[in-house]
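Participant: Next come the chains, spelled out residue by residue.
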Amino acid sequence: MKAKLRRMTNSKLFTLTLLLIVIIVIFEILSKGKLLSFKNIRSILQSVSVVTFLAIGCGMLLMSGNTDLSLGGVGTLGPMVLAFCIAAGLPWYVALIIALISCALCGLGNALMVNYLNFPTFIATIAMASISQGIAYLISGGKNIDMKDPTLNFIGTKRLFDFIPYTFIIAMVALVIYAIILRKTKFGRSILLVGGNAEASRLAGLKPKKISFILFVNASCMACLAGSLMCARVKTATTAGLSGSQFTGITAAILGGISFGGGTGGMMGALVGIFILNVFNNAMQLVGLSSYYQTVMSGVLLLVALIYDKIMENNRMHRAITAK
Amino acid sequence: MKKLISILLVLLLVVSMCACGSGSSDTKPDETPTPAQEDTDKETTPAEDDKAEDAETPEEPAETPDAETPDEVIEKVGYYDDPVDHFARDPYTFCYCYTGPGALNDNMIDVFHRLGKLYNFELDEMNANNSADNYVQGVEVEYNKGVDGLFIDCDPTYQARVVELTEELELPYVLLFNYLTDENGVNLAPAVVIDQSRSGRDTIQWYADRYQEYWGDIDMKDLCLLNLNYSTNPAFQERVDGSREQFEKVFPGADIIEVDGVSSGSLNAEAGYDLTSQTISAHPEYKYWIIFACVEYYAQGACRYVETTDHPENILITNSGSNCLPLEFEAGYDGTSWKVCYAVSDINYGGPAAMGLIAICDGRATEETLWQELKADGDKCTLYVVDAVMVTKDNWSNFKDEVWALYDPEGKTAPAA
Amino acid sequence: MKSSLFKRVLRSKLLPLVAVTVVVVAFFGITTNGFLSASNLRSIMISMCLSGMIGVGMSMLLISGEIDLASGYEACMGGIITALLIKAGIPWPAALLITIAAGAVMGGILAFLVNKVGLMGFISSMAMISVYNGLDYIVTKAQDVTITAEHASFYSLGAGTVGFLPIPFIIMVVLMIIYGLILYKTEFGRTIYMTGGNRAAARLAGVNRKKITSILYINNSAICALAGSLVAARMHCANAAACTSGSIDAITAAVLGGVSFRGGDGNMGCLFIGVALVTFFNSGLTASGLQSYWQIVVQGLLLVVALCIDFVNERSRQKALSQVAI
Numbered sequence: 001m002k003a004k005l006r007r008m009t010n011s012k013l014f015t016l017t018l019l020l021i022v023i024i025v026i027f028e029i030l031s032k033g034k035l036l037s038f039k040n041i042r043s044i045l046q047s048v049s050v051v052t053f054l055a056i057g058c059g060m061l062l063m064s065g066n067t068d069l070s071l072g073g074v075g076t077l078g079p080m081v082l083a084f085c086i087a088a089g090l091p092w093y094v095a096l097i098i099a100l101i102s103c104a105l106c107g108l109g110n111a112l113m114v115n116y117l118n119f120p121t122f123i124a125t126i127a128m129a130s131i132s133q134g135i136a137y138l139i140s141g142g143k144n145i146d147m148k149d150p151t152l153n154f155i156g157t158k159r160l161f162d163f164i165p166y167t168f169i170i171a172m173v174a175l176v177i178y179a180i181i182l183r184k185t186k187f188g189r190s191i192l193l194v195g196g197n198a199e200a201s202r203l204a205g206l207k208p209k210k211i212s213f214i215l216f217v218n219a220s221c222m223a224c225l226a227g228s229l230m231c232a233r234v235k236t237a238t239t240a241g242l243s244g245s246q247f248t249g250i251t252a253a254i255l256g257g258i259s260f261g262g263g264t265g266g267m268m269g270a271l272v273g274i275f276i277l278n279v280f281n282n283a284m285q286l287v288g289l290s291s292y293y294q295t296v297m298s299g300v301l302l303l304v305a306l307i308y309d310k311i312m313e314n315n316r317m318h319r320a321i322t323a324k
Numbered sequence: 001m002k003k004l005i006s007i008l009l010v011l012l013l014v015v016s017m018c019a020c021g022s023g024s025s026d027t028k029p030d031e032t033p034t035p036a037q038e039d040t041d042k043e044t045t046p047a048e049d050d051k052a053e054d055a056e057t058p059e060e061p062a063e064t065p066d067a068e069t070p071d072e073v074i075e076k077v078g079y080y081d082d083p084v085d086h087f088a089r090d091p092y093t094f095c096y097c098y099t100g101p102g103a104l105n106d107n108m109i110d111v112f113h114r115l116g117k118l119y120n121f122e123l124d125e126m127n128a129n130n131s132a133d134n135y136v137q138g139v140e141v142e143y144n145k146g147v148d149g150l151f152i153d154c155d156p157t158y159q160a161r162v163v164e165l166t167e168e169l170e171l172p173y174v175l176l177f178n179y180l181t182d183e184n185g186v187n188l189a190p191a192v193v194i195d196q197s198r199s200g201r202d203t204i205q206w207y208a209d210r211y212q213e214y215w216g217d218i219d220m221k222d223l224c225l226l227n228l229n230y231s232t233n234p235a236f237q238e239r240v241d242g243s244r245e246q247f248e249k250v251f252p253g254a255d256i257i258e259v260d261g262v263s264s265g266s267l268n269a270e271a272g273y274d275l276t277s278q279t280i281s282a283h284p285e286y287k288y289w290i291i292f293a294c295v296e297y298y299a300q301g302a303c304r305y306v307e308t309t310d311h312p313e314n315i316l317i318t319n320s321g322s323n324c325l326p327l328e329f330e331a332g333y334d335g336t337s338w339k340v341c342y343a344v345s346d347i348n349y350g351g352p353a354a355m356g357l358i359a360i361c362d363g364r365a366t367e368e369t370l371w372q373e374l375k376a377d378g379d380k381c382t383l384y385v386v387d388a389v390m391v392t393k394d395n396w397s398n399f400k401d402e403v404w405a406l407y408d409p410e411g412k413t414a415p416a417a
Numbered sequence: 001m002k003s004s005l006f007k008r009v010l011r012s013k014l015l016p017l018v019a020v021t022v023v024v025v026a027f028f029g030i031t032t033n034g035f036l037s038a039s040n041l042r043s044i045m046i047s048m049c050l051s052g053m054i055g056v057g058m059s060m061l062l063i064s065g066e067i068d069l070a071s072g073y074e075a076c077m078g079g080i081i082t083a084l085l086i087k088a089g090i091p092w093p094a095a096l097l098i099t100i101a102a103g104a105v106m107g108g109i110l111a112f113l114v115n116k117v118g119l120m121g122f123i124s125s126m127a128m129i130s131v132y133n134g135l136d137y138i139v140t141k142a143q144d145v146t147i148t149a150e151h152a153s154f155y156s157l158g159a160g161t162v163g164f165l166p167i168p169f170i171i172m173v174v175l176m177i178i179y180g181l182i183l184y185k186t187e188f189g190r191t192i193y194m195t196g197g198n199r200a201a202a203r204l205a206g207v208n209r210k211k212i213t214s215i216l217y218i219n220n221s222a223i224c225a226l227a228g229s230l231v232a233a234r235m236h237c238a239n240a241a242a243c244t245s246g247s248i249d250a251i252t253a254a255v256l257g258g259v260s261f262r263g264g265d266g267n268m269g270c271l272f273i274g275v276a277l278v279t280f281f282n283s284g285l286t287a288s289g290l291q292s293y294w295q296i297v298v299q300g301l302l303l304v305v306a307l308c309i310d311f312v313n314e315r316s317r318q319k320a321l322s323q324v325a326i
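Chains as they are written, first to last, in my numbering: chain A, 1 to 324; chain B, 1 to 417; chain C, 1 to 326.
Simulated from the structure, these hints should not be mistaken for laboratory data. A hint or two may mislead.
Within a straight-line C-alpha distance of at most 25 Å, the following computed PhoX-like cross-link-like pairs (lysine-lysine) qualify [said to hold, decoys possible]:
#1 Lys287/B x Lys76/B
#2 Lys145/B x Lys39/A
#3 Lys319/C x Lys393/B
#4 Lys12/A x Lys116/C
#5 Lys158/A x Lys145/B
#6 Lys145/B x Lys34/A
#7 Lys184/A x Lys158/A
#8 Lys412/B x Lys211/C
#9 Lys148/A x Lys76/B
#10 Lys319/C x Lys209/A
#11 Lys116/C x Lys310/A
#12 Lys393/B x Lys141/C
#13 Lys210/C x Lys310/A
#14 Lys186/A x Lys12/A
#15 Lys412/B x Lys32/A
#16 Lys87/C x Lys310/A
#17 Lys117/B x Lys141/C
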């Protein structure tokens, strides 16, 4: 029992959760109780949804040893296609499927370039980012397209029991599904194996190229969903869309413990990482910190969280080595 | 364990330092009591000259107000000389919500801080860092904080939702810089704006009135307009459209080239430099150029490029926005090419917005009745269109003074020279 | 069987990209009036300077297996520091030296995070982006920091020419030559390749990876700060929005040219070709008047096409090599 408790407290997830609790406590005091007010928790939950999808997509790719920098562009194209189809009169689920297909094509393009043409991932995904962003502008003519569908707007802006945003529920469902896939299925385990050593896994009978394809397409679809949720919240598909947000997803995933080729974290770690970043941003605004200081502090927080995590990890390894 | 505690302490230390740094804004209520007495005297005297003064103020918008019928006297509400004791109430807290960092926004924050000292309100700020999601999130957080009203300076593409959200939260608000209309062109929210299209037209007209002084009589075939656009921003697009329309009218026979900065993705001086240099170099057939930049950073870059050409005096530059050119003149720029910009004095925007929002929070007006004497027929809310000044080498240092004199006649809050 | 020099050049890695660049220049030279004019070429050379200079330090880092995504923001900070120092009355040569020292400090922070604390370069430089960006706005209050006209000699550092060539371009080329020689000729350069190419082997060979990458981080940030100062000289002012796209542009150009993102491969020639190709292409697109949204798509397609040609060339090279081996 004691050993199990010790194992739990040693885990990365515990470390991150502790940090989150500390941040909450500090800012609850500094904001005179506003941080944990009903309305504010609602706002925090709403802000988490978009990043969760990006983190899932980026995280899975990171585990297999790749990055995808096109998610900003793809996340702009998806909602643009969605809004365009809805404005053309299609029902929302058909429009959503078309949007997902268009983003999946982008993901396919990425996978093709990286796997068959041996492009460096960086360039391939940056090229795709340009192409998808450009196509998004061309579809909309440089303007935004209003999202007129009542169902999507309802999901984007309304809350269950006036407390839990529907977007949050959707994001959590997706997170749990992917966490299960990673931990429990053969496919999930093979991702980590491929990330560790692609050549060895190929010799062991896994198909790294097929896995890579699936993951790139998955990441693009996640970006499409992320962008669509964001645009549903704003009730319009904006030309800027998710541009620039590709780094937010990677940050959240890395903070949660996922790193190139594996890492010790998982989806739950990424979720705690997302909460750390979002609660902190929310708290800074509540406390009234000037916005440029907020920018600096969010960078400092990320560093502090990473350093703290690293120290804990070193402790863990040290203890593991010197144990017995 | 020790390491954990030390890290937490560092975090706490840094955060509290920063919180203290911004905490100075919380101490404003302590500063106001002393000027309060003098202010109350100030407020009552102009009240008698209310209507007459309003007719002379430079803030009088370009559109003709509805004529006052003899039977109903529409009370003018939401001006610097409203007959109200602003210090008889608790200070309001307003939040200035803006899309992304920029010189204009920083200037507006300074303006609102100054106005806050004069009219008893504190200012919060919300910077959305160019993300629509952050903007909506930020509005919610400000509501959670308990602000009394919002100045909404929002990207026109998602402004509709922001206004809708603010109305759902029942927060008083005034729009800044960008207005909101429905499909039929009916103005839906009180907004303090410039006529973007006019900013393009007036600047071109200014050069049209004067180009012969610089160049003599020229053949229109030698002249070209270079429009530096950023098409995904509707406000910038309107400016460029205005510039193009006016140029076609006053320089018939001359060519027009438009370049769009969206392909470079940046709104900074280097992008302006590159766009200008690449276009002018590619068209050596034109001897004279007029460059209109939708945003002042592009004008700055263009100016730097033009200085490296053989005949900078043959290229005239203008733009909408007045944060950069005054600084250029201050730094010693001689005005060879970039002679004028369409200025919007920050106080010209901030003053009416602040007074309007105070009026709504006081209950003296609603979003729909604010400035109703200026409301155009068919509109739901008033579009308060602000006049602008053409800023040149001659007036860059004091073009804001006249308007500030209305709000702060004794110069109590003027920054130290 | 020793293949002739001609055949070796034909199969070199750089040749396809050089060919693409020549095609691009020829295409725009023919279709666009004035593309090959002296003033346009000068403008293109100036445009190359920011990503080229940042690319010099960045390539060294990439070859050693590290990365610094905050380079553009370090350049921005460098420009601001120079402008503030000059405004305070310090003569510009001294201001430049202090800026380079400040850049070294910025690089030192990253070196500390990566080597002492053990974080990944990717994520720590991403965190530093926020820090530097925020500091830039705080220090300048979002306004321009102008460099007044009495410092006209400093202006010429950014916009002046020596003969036909702009001064920043000369500085960039000189840096490329120096660092190219370091990579190619010195033992230090060889250890950089080893560090990036095979970490385990380098460690076994006694290479002190941490010392090398620390030096390279400091070097990169110092060069970026200088690059930012040159931009400030050209623009006569510094502000917080300058140079921010520098790191992505530099990495794209370097990787396009053949510097390996994972480490161990590439040289300054790759960087120069990459920067030249992208700059000529973008400049030609603007001059051609193509609608800007299509420009964005085409910019992405350029990368794809250039790398496809590289891929085909690589395949034929491998084939030729395997035939020689037999």
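Participant: Which hints from the list above does the structure break, by number from lowest to highest?
Facilitator: Of the numbered hints given earlier, those the structure breaks are 1, 3, 7, 8, 9, 15, 16, listed in rising order.
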